[in-house]
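Taking the hints into account, I'd like the entire structure generated from these sequences.
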Amino acid sequence: MWTQKLDLTGDAGHLPVERQLNRSPDLVLVFGQTDGLSAQAASRSLKTAYPDAHIMGCSTGTTIVGNQLCDDGMVAMAVGFDHTRLRSTSVRFDDAEDCRSAGRELGKILIDADLRAIFLLGNGLNINGSAVVHGLTEVVGPQVSISGGLAGDGARFAQTLVLDGGVPSSGAVTALGFYGGALRLGYGTAGGWDVFGPRRQITRSEGTVLYELDGKPALDLYETYLGDEAADLPASGLFYPLEISDPARPDEKLVRTILAVDQEARSLTFAGDIPQGWNARLMQGDPSHLVAGAEDAATQALCDLQNGDDSIHPTLSVLISCVGRRLLMGQRAGDEVRAVTRLLGEQDGQIGFYSYGEISPYPNSIVSGLHNQTMTLTLLAEVA
Amino acid sequence: MDKPLHSLLAQQLGDASESGSLNLEQFLQAINEAYAETDRQRVRTSRANRLMAEEIELQTDSLRAALRTSDIHKIRFEAALDAMPQALSLFDSGECLVVCNKMFRQLYALPADFKPEGRRLTDILAHSLLGDGAGTMDAATRLQGQLAMMAHIGIPVSIAGKIEQTWPSGQVIRISRNPVDDGGFIDLTADITESHSASARIAHMAHYDTLTDLPNRTLFHERLAAAVNRCGRSRNRRFALLCMNLDRFKVVNDTLGYPVGDALLIQAAERLRSLLRVDDLVARLSGDEFSLLVTNVKRAGDVHRLADRIISRLSAPYHIKGHQVVVGVSIGIEFSDDATLSADDYLRNADLALSQAKAEGRGCACVFKDHMHETVDRRRQLELELRHALKRNEFVVWYQPQFCVKQGIISGFEALVRWQSPRRGLVSPLEFISLSEETGLIDELGAWVLRRACADAAAMPEHLSIAVNLSPVQFRSRGIIDTVKSILRETGLAPHRLELEITEGIMIADAQEALQILRALKALGVKISLDDFGTGYSSLNYIRTFPFDKIKIDQSFVRDLGHSDDSLAIIRAVSGICTSLGICSVAEGVETDDQFQILKTEKCDSLQGYLFGRPTPVEATRKFYEVALQNYG
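In the order they appear, the protein sequences are chains A and B. Note that the first sequence covers residues 982 to 1365 in the numbering used here. Note that the second sequence covers residues 41 to 673 in the numbering used here.
These aren't lab readings, by the way, just hints derived from the structure by calculation. Heads up, some of the hints might be wrong.
Simulated restraints on C-beta separations [said to hold, decoys possible]:
hint	chain 1	residue 1	chain 2	residue 2	range
1	A	D1063	B	S133	55 to 65 Å
2	A	E1119	B	R214	53 to 63 Å
3	A	R1323	B	S133	43 to 53 Å
4	B	R80	A	D1063	41 to 51 Å
5	A	S1026	B	N63	30 to 40 Å
6	B	T78	A	Q1021	36 to 46 Å
7	B	D153	A	S1269	55 to 65 Å
8	B	D222	A	Y1343	26 to 36 Å
9	A	G1054	B	N63	15 to 25 Å
Here a beta-carbon is modelled for each residue, glycine too, at the ideal position from N, C-alpha and C.
Structural data, given as structure tokens:
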């Protein structure tokens, strides 16, 4: 298995993309600004250059490659596998009845006896990421790990794109299946956010829409806490993620992040389910705690990948971090990427993006789900 | 610089130096932006902390308010629990007491300084002072207490359970246990001693007569049915059924009042009880009606002897509230010899035998015979005809002359009722008087006879008197005085010409009341004569307490004259007493001249009998007071 960073700048000082590799990749990952991705130049040239490769990618406000964060331009990573087969597919939402059935559709195409894992990229707006993962899991079973993320658009929340067969689409979910026994995978996800303030009850909600906490409009609470920054909703809402938990299983916490607000309904739309009757607490981030969260995720992922065998190192590391972390940490966002690199070791195959939702198995569980406000890592390596 | 660069500054410096030389503008912009970010972060954090503090303050306030409300609820809840008449105890899923009320501590006698909360039931019961007297209890009582405790602890929780137990203290306790949703249970313990004994009393009342505390008709019927059932299975289980009525009880009740009647029933019941074997059952069915079930009858003779003992014991005088009361008892007996009969059949047969005993003069026992059914039918038919007879005017009054020895003339007549039945011919009073007494017809019949006799006498010469018999039943009916008064007025008969004949039976029940009636009658101017003297008690006391005008010596003594010296002695004595007291003596049943001579010698004032004339219709009486004068003048 190998990886090689591709330069898509098109500068005169760089080789054209088709001449940057002397071998044929099986997979090319590409992340970039929404406007850059929608221009299709990069994706088209990648498709022409590597017609046999699965080209997967999505929009984001900030890309990650190596140790670097970049708020403009596009990054790409070519990946070649020695023993692992790949199969990709995508579903457009208008083809599917809903998110859950979209997940099921993907699963039906990908399912196979030696299906090991699925990497998923979905649009970041108007999506119930939890439902997609549930639908997919229903078909492939919980033993198949699912990771990935939802496309981002920085603090704008205007448009997100996913490459569907190499073509940018604002209404698709794309999935890549990994097949074969040689692949080693490692997952890690952690937030590092701190809960604060009183515990509240979700007294009215529907799917991903939260109407009331403790019988009062949820948007009122956010506006109160945000003060002047309420004008920047929904982006500023990311400063206060919501930790939710089932009263019957109070130790299993989930973190939800805001995707949209409805001023009339005084409601907030989150990236995942907000079950009525559950408990909720506001969270706030301290940059150093978020960095510690990223370190935690990296430690989990490496441990998971190695599974006791220290000789295994990740060939490809996909870092998907929440846009909320980026907004809160500002210039210090680079600290969390550097912290991850420090733990995983310097390597060429590190790429990622700031997302509107992260997907990976829950810590200490094989079941996958949607996470918010986390640093989520998917590590890949092949063994002979 | 001594200290290493802040990581952010190092990053900013690195970013601004990418081209090889420091881009100062970019560097300063990054620093400036970092300060602004830090400021925003600080403002955000400070705002969040302030709001959070406010929210927590509000929540604390409302929590305190809720706690105050909860305290009030707790006080009310405890007051409600403590006001409960039952002991309540709530246990958690670990079977430890969560809450109990005052009655729980009280009923289980828990020491004042003992805190049952948090303890298991076994532990709590072990602390109860209920068993404190254990040292003084006998082994059985101690065991009873221990068993009750074990039963209490062992009530199942899964389903609602309920037990009743008696504690060594004698308290009857009901404990109900109900599961609670959280896996615990709640016990309600109630002292139901009172309601238990009330239930027992009610159950007793359902089966026992409240006056005599003898079994009642219901219980008797149950036992009889059981005996019939046993007898049906085994012929060896022969039983006898005795039905009893107290003779003259109604008289006692009517004359002495219900309190005396009730006391009499109680004493009679007591006497009956004393005569029974353990297995026998005596019941009061109603009024003066008692029944006796004698089981395991070996010989009929045993039952007859028992009946005799009952008659003898119950007929002995009773002393009640200053009165001496004498009643008899009539008994009907039926043996379980016919396996096809039901309990009701046996009762009916014994009742028929009782009727027969009464018909045979009371104070005796009769065994049921099949023909009694026919007797009853005949009696019922007779009663029916008797009622019609009054309406159809089938009764006639015949007159038997009375001879005045001193004057040698017929001085009057005794009126005697006869029934000229179109179906039966002339019927003797013996056949219908007692029946009309039992059926209540006697009042109407008696008044009719009196009116007829008075009317007939009014048409006779004035020196002739008319004697009319008053049945005891008729005498006791309160209207007798008014009846006599109005008949005298209607017929115009001079009161001194009317003689009312009574028997000593009227004196036995309540002599005082009888005397009052007699005095009232006498005050009307009529004469009172004591009939059938010499039979029954013939207490001389009667003669002393009331100034009778006449005493009629029973005809049995006259019949024996010439054969028995005793009869002569009695006649002589009575006649002597009458002479001394200025009472007119009358001898009845004079049939021969010898008898006439003796009675004349013994100074009987008046005589009556076939020798002087048989009873005749009124049309035929004329010859007595016209012709007979010459014969005996």
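Taking the hints in turn, this is what the structure says about them:
1. D1063(A) to S133(B): 55 to 65 Å: 60 Å, holds
2. E1119(A) to R214(B): 53 to 63 Å: 57 Å, holds
3. R1323(A) to S133(B): 43 to 53 Å: 52 Å, holds
4. R80(B) to D1063(A): 41 to 51 Å: With a Cβ separation near 49 Å, R80(B) and D1063(A) satisfy 41 to 51 Å, so the hint holds.
5. S1026(A) to N63(B): 30 to 40 Å: Once the Cβ atoms are compared, 31 Å apart, the range 30 to 40 Å for N63(B) and S1026(A) holds.
6. T78(B) to Q1021(A): 36 to 46 Å: 40 Å Cβ-Cβ, so the 36 to 46 Å window holds.
7. D153(B) to S1269(A): 55 to 65 Å: 58 Å, holds
8. D222(B) to Y1343(A): 26 to 36 Å: 31 Å, holds
9. G1054(A) to N63(B): 15 to 25 Å: 19 Å, holds
No hint from the list above goes unmet by this structure.
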